[in-house]
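Chemist: Below are the chains, spelled out letter by letter.
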Amino acid sequence: MLFNSLSFAVFLPIVFLIYWFVVQRDLKLQNLLLLVASYFFYACWDWRFLFLLVFSTLLDYFTGIKIYEATESKRRKFWLWLSISVNLGFLGIFKYYNFFAESFSNALSFIGLQANLGSLNIILPVGISFYTFHGLSYVIDIYKKRILPEYNFNNYSVFVSFFPLLVAGPIERATHLLPQISAKKELNYNRSIDGVFQILWGLFKKIVIADNAALLVNDIFTNSSNLSGSALLLGAVLFAFQIYGDFSGYSDIAIGVAKLFGIELLTNFRFPYFSRDIAEFWRRWHISLTTWFRDYIYIPLGGSKVSLLVKIRNTFIIFIISGFWHGANWTFIVWGLLNAFYFLPLLLTNKNRNNLVFGDQNSVFEKIRELVSILLTFTLTTLAWVFFRAKTVEEAVNYISGIFSASVFSFPKLMGGQNITLILVSFMITLLIAVEWKYRKSEFVFKGISNSGISNQVFTIANIITLIFIFGGSQQNFIYFQF
Amino acid sequence: MKTTIIRIGLLIIVSAVTLLTLMYVQPFIYASFQSEFGRHKVINDVLLKSKKINNIIIFGDSRAMFGIDARIIKKNSSFDGEIYNLSSVAQSPYEAGYFYSKISKTTRTVIQCVSPAFFSRNMKNNIPDEKAISLFLSGYRIDKKNIYGNNYCEFFKNSDFKNYFESRSYYKSYFNTFMRKFFDNEKFNEHAFYSHYFPNPVTLNKHPQYPFFKYDCGKYKTINYPESQVEFIKKSKKYFKSIGVNYVLLILPINPDECNESYDTFDKLAVKISDSTDVKIINLAGLLRDNRFFYDGLHCNKKGAEIISQVLSDKLE
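Protein chains in written order, with the working numbering: chain A, 1 to 483; chain B, 1 to 317.
It cannot be assumed that every hint is accurate.
As the list claims (entries may be wrong) - Taking lysine-lysine and the BS3-like style, the derived pairs with C-alpha atoms no more than 27 Å apart in a straight line are:
#, chain 1, residue 1, chain 2, residue 2
1, B, K2, A, K447
2, B, K74, B, K124
3, B, K144, B, K2
4, B, K105, B, K162
5, A, K28, B, K2
6, B, K74, B, K145
7, A, K185, A, K66
8, B, K49, B, K2
9, B, K145, B, K2
10, B, K49, B, K102
11, B, K241, A, K185
12, B, K2, A, K184
Worth flagging that the hints you see were computed from the coordinates, not collected in a lab. Keep in mind that this is a model prediction, so the values were computed, not measured.
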C-alpha cells in the first residue's frame, strides 16, 4: 500500500477516525489499533514477511529484557550480541548474501581460483533495513543503560512497526518514540493541521517532482551513451531532485501521518540542497540515519576525540557503511567513498561545523558567497548521485566522463517529446525551491500555518491538491523501499 | 476539542470539494481543449448524431485515414446515404470495435480496415489506458451486453468514480498539446509525428524530416491465424448480422518495395479468414504495385487514395 495510492487514502481516514472517535479513551486500545493497522499495512506488501517482522520484534523485546535483568556483564554481552548477530544475519542473508557471494567468486577468479557459492533467488523484505535498525538501537540503548526495557509488548511492537515509518523510516530511537507511545494523547489542532500540510507537501514532492522527473531521468540514464554532455548533466540534476522529492516526500508524509496520531517523529530532511558545505549537507539529508551511524558507530569508534588519523579512518568507515546500507552494490560503496572524500578537506581544516545555522546575510557579498557555496555543494552532491543511480561503477564513470566533454556546452537534446515534460518539471522544481527557500529556517515547509487564518489554509490546501491532481506523474514506487 | 473537529472537518470538506471538482469537470475540459485522442469525441458525435439511413462507416488506422477518400466514393456511387471515414492514427480493429455497439441499425455497411499485421500474433482485445481514458472522458460508456461479454479493457470494469480519478493523467495531455505549438523546430519524434510531419493527403511531396516506414513483411511469410482476432471478427459479424448491418473487412494496398513476395500469403490469409468467419473481405493488398502511390513506405498519397477509393466504390456498388 503506497502512501500515494487510493487505498491509502481510504485506509488512513478509517484508522484516524477509529483512533480518535472510537477508542480515544483507552490508550491500550489505541495502541492495539495502531499495531493491527501497521501489520495490515505491512501485509499489503507481502504478508509472508510479516512473520519476519514479528520474529524480529519478539527477538529484540526479549533480548532487551534479558540484557536489563542480567546481572553479569558476560550475560549482558551475550544477549546483546545475540540480538545484533541475528538482526544483522537476517539483513545479511536477504540483502547482502548475493553481493558477497558474487564479489568473493570474482576475487578468487582474479587470482586464478574458481569458486561458485551460488546465489539466492529471494526478494528483499520491504523495510528490513529500517526496522532492523530500530531494534538494534533499542537493545544497544538498554545495554548502554540509556533506557529501561519496555515490558508492554504491544507498546514495543508499535515502536518497531508503526506504519508511517515502517517501510522507509525515519529511523526512530526508543528514547524518542517509546515514551510517546506509552503516553496518553489528545487530538491537537495545531499538530494535526501541521501534519495535514506536511502530508500534502510530501505528496507534491513525490507525485509532481519525483514521478515526473523519473520519466526524464530513466530515459537519460538508459540512453546515456548517445546523449550530449549537457543532456547528461541535466539528467544528473534531475535525478538529484527526483531522489530528494521521492525520499524527503516520503518522510514528510510519514511525519505528517504520525502527527495525526499525536506522535512526533524525528526530522529526516531539513532543506539539504541549501547546504553550504558537504558537512552541512549530511546534517540535513536523511538525518535519522546519519545520527544513527554517528551515535552507534562513529562515537563508539572514538568519534572526533581521537587523533586526526583515527578521525579520518572513522569518517571513511561511516561513509562506506552508509553507502553499503543503501544497497548491495559497489556503486553505493563508491558513492559513500566519494562523499567521504568531499568531507575530508573540511575535517582536515576543522571547518566541518562551520555552517550550523542559516545566517541572516545582510551584505550583497555575503549573499553571493552563500549562493556560490550552495551551488558548489549541490554540484558535488549531484555528481555523487550519478553513482547512486547507475547500475554499475563503469556506467557511472562513463556517465560522468560524458558530462565533462565539450558537448556539455551544447543545448541538451532529449528523447522525442520530452522537452515539454522538461518544461513542466523545471517549472515545478522552481516552485519547490521558492517555497522551501521561504521556509528554510523552519523545521519544515508550512510550519505555523495552523496559526494562520482559515482562509489561508483553505487557499493553500486547494492549490496543492490542484497541482498534485493535474500535474502528478504516473505512479512510481518510492526509491528507498528497495533499501 | 469541538472547535478542533469543526476546523479539521472544514479542511477535509475543502479538500474533498477541490478533488471532486477536478475529477468531474474533466469531460467539459476534454470537450473544450485539444488532446492526444480528441478524435474519440468526433467519432462518438458522428455515431450518435448521424441517423440517416444507408450510411457507410469506415474504421481503420492512419493508412485508411489517408488511403480512402469518402468524397470520391460518394461521387462515384449511387448511395443516398453518407459515407463517414472514421479512421484515425493507430486505431486498431479492437479500438474501432468499442464503437460497434453505438452504430445505428439504419447503417448500411461497416467497413473495417485490417492490416495483415493484425493477424501477426495472438493479441487480447485490449486498448491502452490513455485511449480508454479518452473514450471515457468523451462520454463513451461501454455496452457490456454487446459482442464483448467480459472481454474488454480493464479500465471499463472500474467504477466511474475510480475512472474519473485515474483520468487525471489526461490533464497533462492538454498541456502537452498546447505547448507543442511552440516547438515547431523540434526534430521528428513520436509526438511531433501527429501534428507536424504526418502525411498530408493533398500533397505529393514528403517532408524531408519524415522517415521512411518499413512494413516488415518478413514476419508474414507464413500465415498466422490467431484465435483471439478470429474470435473477435466472428463476434462482430454475429452482432452486425443481428442488427441488419453489413460487415466487411478491407485489406489496403501494401508497398511493393517491401512486400512483393508476400502478396500470395496475404491472399491466402484473406481467403482463410473469410471462409472461417463468413465475413466478406475486400483484398486490395496488391492493388498498387508501384511506390509512386505511396507518401512513405506505408501511407498512400493523393494519387493512391484516388485509385483505392475508385475501386472501393465499384466493389461496394
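Chemist: Checking each numbered hint in turn, tell me which of them this model violates, lowest number first.
Modeler: Violated hints (numbers, rising): 2, 3, 4, 6, 7, 8, 9 and 11; every other hint is consistent with the structure.
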